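Q: Chains as they are written, first to last, in this note's numbering: chain L, 188 to 481; chain Z, 188 to 481; chain E, 188 to 481; chain C, 188 to 481.
Everything labelled a hint here was simulated from the structure, so no lab data went into it. One thing to keep in mind: the hints can contain errors.
Simulated crosslink set (DSSO-like; lysine-lysine; CA at most 30 Å straight-line) [claimed, not checked]:
id, chain 1, residue 1, chain 2, residue 2
1, L, 476, E, 449
2, E, 449, L, 287
3, L, 218, C, 295
4, C, 287, Z, 295
5, Z, 295, C, 218
6, L, 295, L, 347
7, Z, 449, C, 295
8, C, 476, Z, 206
9, E, 206, L, 449
10, E, 206, Z, 449
11, E, 347, L, 449
12, Z, 476, C, 449
13, L, 449, C, 449
14, E, 449, C, 476
15, L, 476, Z, 206
16, L, 287, L, 476
17, E, 295, L, 449
Here the structure is a predicted model, which means the values were calculated and not measured.
There are 4 protein chains.
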Amino acid sequence: MPIAVARTRSATMSGIAAKVGTLLVQSPHHKGIVSAISQLLAEHGATIVDADHHAEAGRFYQRLRFDASMLVAGGLETRLRELATRYGMTWRVTWGERPKRVAILASKQEHCLYDLLLRHRAGELPCEIAMVISNHPDAAPIAAHFGVRFHHLPVTPMTKARQEAEMVTLLDGVDLVVLARYMQILSPGLVRCFPSRIINIHHSFLPAFVGANPYRQAHERGVKVIGATSHFVTPELDQGPIIDQETIPCTHRDTVEDLIRKGRDLEKRVLAAAVRWFLDDRILVHANKTVVFD
Amino acid sequence: MPIAVARTRSATMSGIAAKVGTLLVQSPHHKGIVSAISQLLAEHGATIVDADHHAEAGRFYQRLRFDASMLVAGGLETRLRELATRYGMTWRVTWGERPKRVAILASKQEHCLYDLLLRHRAGELPCEIAMVISNHPDAAPIAAHFGVRFHHLPVTPMTKARQEAEMVTLLDGVDLVVLARYMQILSPGLVRCFPSRIINIHHSFLPAFVGANPYRQAHERGVKVIGATSHFVTPELDQGPIIDQETIPCTHRDTVEDLIRKGRDLEKRVLAAAVRWFLDDRILVHANKTVVFD
Amino acid sequence: MPIAVARTRSATMSGIAAKVGTLLVQSPHHKGIVSAISQLLAEHGATIVDADHHAEAGRFYQRLRFDASMLVAGGLETRLRELATRYGMTWRVTWGERPKRVAILASKQEHCLYDLLLRHRAGELPCEIAMVISNHPDAAPIAAHFGVRFHHLPVTPMTKARQEAEMVTLLDGVDLVVLARYMQILSPGLVRCFPSRIINIHHSFLPAFVGANPYRQAHERGVKVIGATSHFVTPELDQGPIIDQETIPCTHRDTVEDLIRKGRDLEKRVLAAAVRWFLDDRILVHANKTVVFD
Amino acid sequence: MPIAVARTRSATMSGIAAKVGTLLVQSPHHKGIVSAISQLLAEHGATIVDADHHAEAGRFYQRLRFDASMLVAGGLETRLRELATRYGMTWRVTWGERPKRVAILASKQEHCLYDLLLRHRAGELPCEIAMVISNHPDAAPIAAHFGVRFHHLPVTPMTKARQEAEMVTLLDGVDLVVLARYMQILSPGLVRCFPSRIINIHHSFLPAFVGANPYRQAHERGVKVIGATSHFVTPELDQGPIIDQETIPCTHRDTVEDLIRKGRDLEKRVLAAAVRWFLDDRILVHANKTVVFD
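Isolated chain L, as found in the complex (with noise of 0.2 Å):
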């Protein structure tokens, strides 16, 4: 029997959030931009209620929350669209009116998947989870004590254009694929089709070890530190722009077994750390790099 899922929770967030806009912006270094932005709101009866500011290397960053309960109707997105043609800007607005819809693919290991599920359920992150989807079937009772859907897709290298096609069908409308140690290397097509919506813990302190056995790596290479890196996926194996990153002490003492141990506490806490930025439209990207409004 599945645990029940505090429903009343979620909705009470998705009825405060429905009032709250948050408003990401990114576009080349103009002067004018910030006061254009904070006007346009004003004039909207936008009250703004929190915000951070960026600029690096000519390029200017801004998450603004707003107060949208007095908001006068209509207007503002065809506005902002009229600035970011001026401005070459990007933006997104989110309303909150409904939580994100969220994947987790996961294979054998079970940590980073119990400890999302786990979240998801304590409050921390605001979204649905929408489905748990592996290559084997050993996360089934898993999702199945959270209410989760589970789907199985196992895959073979003869099967993997197959499994991924059935995987973009099943992923239609989610907002982020989260990869909760998922052994499988996604194709190429597969990652254009989630552009910095595919989130990886990789088990190092990127760019240290990229690759296969990490742990395996730290440990031959003698490291007293060892880190987690959570990060957009790219098509480039590891590659991809960093979200968050931790480190633990080890000494001589620690096997290669020890290191895992240890390391599965940081992957846990680099990878949610990062899905509830995203969740809280909190991180933006650009040239290879994140922007992270924690």
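Assemble chains Z, E and C onto chain L, guided by the hints.
A: Chains Z, E and C alone, transformed into the frame defined by chain L:
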């Protein structure tokens, strides 16, 4: 006028140390070696006051500190040599009868140099700072302030061989060479004169960002953590056995200059820790890795 | 349907453990004690594979692990009892022939409970989870999911004495009681039944913020770091010997709810570390302090 | 001979800073205040380059940096005063036309003093170190080394009132007083002369271990983490608003002396961070808590 150095303290430390021996051992892992060594010490009147073991990949590492005040004169080292032959063991015993002699090599950056001299003054580094060598004259007043001998050895590609020859002469009788942000690459010939006796600080989390300008490399990659690494110098640049590593979080707000500033704190701590462990005979090296009995 | 527990792994661990003995010792510091013990082990055919010492304030602590596969039958424990009498030493030897039995007490908060059960499943905690006890029914499906026996023991001020009596009956034969955010204060009588065998997690950096609502207290004081503490339970609330502590930075932006969320991660890690060290016989207690040979 | 101070750098910093204004504001939370302030700046030709907001418990905090190179002469401050009256707002604007003047108070311990002087030399602390005051003569050669004026103001219980009176005279025109391990308790009268302008370093994780010998207290309690706290000084000892805190793990092996050594590193970092934030106008104080816009 140089600041008065706390000589009394050093004298006292040396005084205490004179009664304690430290034995560092490594060998292929034989069953009887632990008891053979402890028996040998017991037979010579030495009481073990601290012991650390480590076994890994068929190899055995040990550090023993023993009260040598009742030590039976002579004999112990002869018997250790016999054990070494029998077990293929390498060993080193120190009696603390004299503080180790340390040379610091620096260039224009002064933070690690100051840090080591200040920690020495505070009694954190029980050694004799035998000299400061720099390829620039800037550190002269710093050395003078701490009452330490200073040698200015400028270097150009043309004069490098001669400069290193002078250096080797100066370094005669030195137990440890510390590269405190010394910005010249030592020639393999010089490095081989001091096996596992030159400690460098590299301003990145190795093996990430080998070579020049690691903070700039880190900024370009968009990492969310930066690090520093102290390691023994080997002929391969930045590839030597790692002694200590630390990291610190960073964000998109950190410019390269911010990373450099944050990194200075890491570099100082990580280098000082390595030096302290070396002085206290806590580091063993095998197969490009360290065992640090801290 | 409960998830299949990895029984093979436990069996193997127990298999290996059966050949290794662990001896924990503490006593007033006598000169000959180290060699007396190691000689005693040698005489009985035991080879030391790992050793840790600590001496402080005239007291001596030691943990020895030894290969017991060639152990001469009988005798060792008799001889240890003799040593104990001679030196005023207390000691405990474990043979790993059976995993320790652990009871987890929980209330409504589930994060520490899940965390312990998941780590157990992942092989991080080599023990038998004998039961979960809660004063609320909520944890029943969680225990069921992991195939662990569950006891619901509701409690009111009126029924506390009886509830604790039932608990003591259930806990018969249990090696360790873990308070995984159990929100009832155990009576001194119950605590005295399990000296240095009840581990609690307190959600603050003790000795700061003793008692109720430590995150709220921390928020009111405006601290910039929060912490969590695992400790042995003694009759004095939150005053027992500290086993592990960790902290995490916070800022003015963190609400009490944010501190609670951040704190959950700390609590899980710090509690799990304490349990792991206990299971591995790494903790010694003296004078309200712990020696942890990690 | 004092080391040459990098005056060019300061000049440049001041040069750049002269064109940027920093506005710090706090007030009861009124709806229109954000747009009122940004409109006011826009009207006077100021372009916002960085903005931070915080709202908590019905109170609003803001830090704005703006390009003042096109600022319409006069008027802005008059209008800010009007806003302040209307909203019950307090504010402070700095133009960076002159570096802040800082006085460092020290006693015998020199690590924080050296650290601040070295960071100043490295360009980390954009200010003028106006003087070093100590109740002991030991710091005189340190101040001389860095070319900073030194005042020796010895103190006894009998002479305290007079010593503090002299100090107040010397501190005339100073923007910030830093207690760099100054081991005298300032009288409430002196403290009240510098509201939110005296920063102290306390060598514990407050509110734990208030008062004397916190490392000894920590050692006696058997904590597994130690900390340091920088805070504004108020008449209540160690009770002022906390600015920064950091911690570091410790174990049973750490003696009180080890804690003191480890703590020095913490103290230096935590004090320097507080000073840097103060110099950069990043700290707001309300109700014994700080908002730090870092």
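Q: Could you run down the list of hints and mark each one as holding or not?
A: Consistency of the hints with the structure:
no., hint, result
1, L:476 x E:449, "holds, 26 Å"
2, E:449 x L:287, "holds, 23 Å"
3, L:218 x C:295, "violated, 52 Å"
4, C:287 x Z:295, "holds, 28 Å"
5, Z:295 x C:218, "violated, 53 Å"
6, L:295 x L:347, "holds, 18 Å"
7, Z:449 x C:295, "holds, 27 Å"
8, C:476 x Z:206, "violated, 53 Å"
9, E:206 x L:449, "holds, 27 Å"
10, E:206 x Z:449, "violated, 49 Å"
11, E:347 x L:449, "violated, 39 Å"
12, Z:476 x C:449, "holds, 26 Å"
13, L:449 x C:449, "holds, 24 Å"
14, E:449 x C:476, "holds, 20 Å"
15, L:476 x Z:206, "violated, 57 Å"
16, L:287 x L:476, "holds, 23 Å"
17, E:295 x L:449, "holds, 28 Å"
In the structure shown, a violation is registered for the earlier hints numbered 3, 5, 8, 10, 11 and 15, in ascending order.
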